[in-house]
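**Student:** Starting from the known structure of chain A, arrange chain B on it as the hints suggest.
In order, the protein sequences belong to chains A and B. Positions 74 to 189 (the numbering used here) are the ones given, in order, by the first sequence. Positions 1189 to 1301 (the numbering used here) are the ones given, in order, by the second sequence.
If you are wondering where the hints come from, they were derived from the structure by calculation, not from laboratory data. Please read these numbers as outputs of a predicted model, since none were measured by experiment. Hints are not guaranteed to be accurate.
Unchecked claim - Using C-beta positions, here's what the derived DEER-type ranges look like: (1) A:Asn103 <-> B:Asp1247: 36 to 42 Å; (2) B:Lys1245 <-> A:Gln81: 29 to 35 Å; (3) B:Thr1299 <-> A:Tyr127: 42 to 48 Å; (4) B:Glu1257 <-> A:Gln117: 24 to 30 Å; (5) A:Asp99 <-> B:Thr1208: 32 to 38 Å; (6) A:Arg116 <-> B:Asn1206: 23 to 29 Å; (7) A:Ser147 <-> B:Ile1248: 24 to 30 Å; (8) A:Lys151 <-> B:Thr1193: 48 to 54 Å.
Stated by the list, open to error - Which residues of chain B face chain A? A few of them, derived with a C-beta cut under 8 Å, are: (9) Leu1231; (10) Tyr1236; (11) Pro1294.
For glycine and all other residues, C-beta sits at the position ideal for the given N, C-alpha and C.
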Amino acid sequence: AQTVTQSQPEMSVQEAETVTLSCTYDTSENNYYLFWYKQPPSRQMILVIRQEAYKQQNATENRFSVNFQKAAKSFSLKISDSQLGDTAMYFCAFNPAETSGSRLTFGEGTQLTVNP
Amino acid sequence: DGGITQSPKYLFRKEGQNVTLSCEQNLNHDAMYWYRQDPGQGLRLIYYSQIVNDFQKGDIAEGYSVSREKKESFPLTVTSAQKNPTAFYLCASSSASSYNEQFFGPGTRLTVL
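Excised from the complex, chain A in its bound form (with noise of 0.2 Å):
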């Protein structure tokens, strides 16, 4: 069984500044998914980003990039010029990517707050 672990529970930036949520995972699989998701107040969710892991070229999306380090199994999300709209609850998730309609298995999430 997989686990994914967030050891930040809360976390705060200032406005225009960058921050780095962590995640870390557990698995025997080779091939695999790695997602991070971001709620909102509206507590819809939202995909941030995707790596595959067996991709050695760490994912990026505008302002969001990610750190896949495949043998540590640690998968840490940057924000880069945070904006006061990136604050929300983040969520790190795995699956595996040999199974139709697998399971994500989800972190317990890191509540980001940007100051203004």
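**Tutor:** Quick look at chain B alone, frame taken from chain A:
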């Protein structure tokens, strides 16, 4: 527009009553999921379905039931056996052709009076 809809947005139930939450998707996804979220906490998987007419229990299936008679629909029934049903419920769907990424609906807030 393609997406997932959940209804109603807010639902109130008296103790001892069953209630059904609706989830519909027009993304042509094979797999669908139901999650429960309590305040300040993560998502817990209730049930999931990988294909029509088949579904599996998740981590907290007791007191819940589902059906999957159509590809686009995956309703969740919260039965009177669920001891603490007040929570936020999220439905999701996914496709292997989209990296198993799960797309989420807007959620239903269930309150037991």
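**Student:** Starting from the hint 36 to 42 Å, judge whether the C-beta atoms of Asn103 (chain A) and Asp1247 (chain B) obey it.
**Tutor:** 25 Å, violated
**Student:** Look at the Cβ atoms of Thr1299 (chain B) and Tyr127 (chain A) and judge whether their distance stays inside 42 to 48 Å.
**Tutor:** 44 Å, holds
**Student:** The hint says 23 to 29 Å between Arg116 (chain A) and Asn1206 (chain B); measuring C-beta to C-beta, is that right?
**Tutor:** Holds: the Cβ-Cβ distance is about 24 Å, inside 23 to 29 Å.
**Student:** Is the shortest C-beta separation between Tyr1236 (chain B) and chain A less than 8 Å?
**Tutor:** For Tyr1236 (chain B), the interface hint holds, since the closest Cβ of chain A sits about 6 Å away, which is under 8 Å.
**Student:** Holds or violated: 24 to 30 Å for the Cβ distance of Ser147 (chain A) and Ile1248 (chain B)?
**Tutor:** 28 Å, holds
**Student:** Given the hint of 29 to 35 Å, check if Lys1245 (chain B) and Gln81 (chain A) actually sit that far apart at their C-beta atoms.
**Tutor:** Once the Cβ atoms are compared, 31 Å apart, the range 29 to 35 Å for Gln81 (chain A) and Lys1245 (chain B) holds.
**Student:** Given Pro1294 (chain B) was flagged as interface, is its beta-carbon under 8 Å from a beta-carbon of chain A?
**Tutor:** 6 Å, holds
**Student:** Answer holds if the nearest beta-carbon of chain A is closer than 8 Å to that of Leu1231 (chain B); otherwise answer violated.
**Tutor:** 5 Å, holds
**Student:** Is the gap between the beta carbons of Glu1257 (chain B) and Gln117 (chain A) within 24 to 30 Å?
**Tutor:** 27 Å, holds
**Student:** Does the beta carbon distance between Lys151 (chain A) and Thr1193 (chain B) stay inside 48 to 54 Å, or does it fall outside?
**Tutor:** Because 33 Å falls outside the window, the suggested range is violated.
**Student:** Taking the CB of Asp99 (chain A) and the CB of Thr1208 (chain B), does the distance hold inside 32 to 38 Å?
**Tutor:** Cβ of Asp99 (chain A) to Cβ of Thr1208 (chain B): about 37 Å, so the range 32 to 38 Å holds.
Taken one by one, the earlier hints fail for this structure at numbers 1, 8, listed in ascending order.
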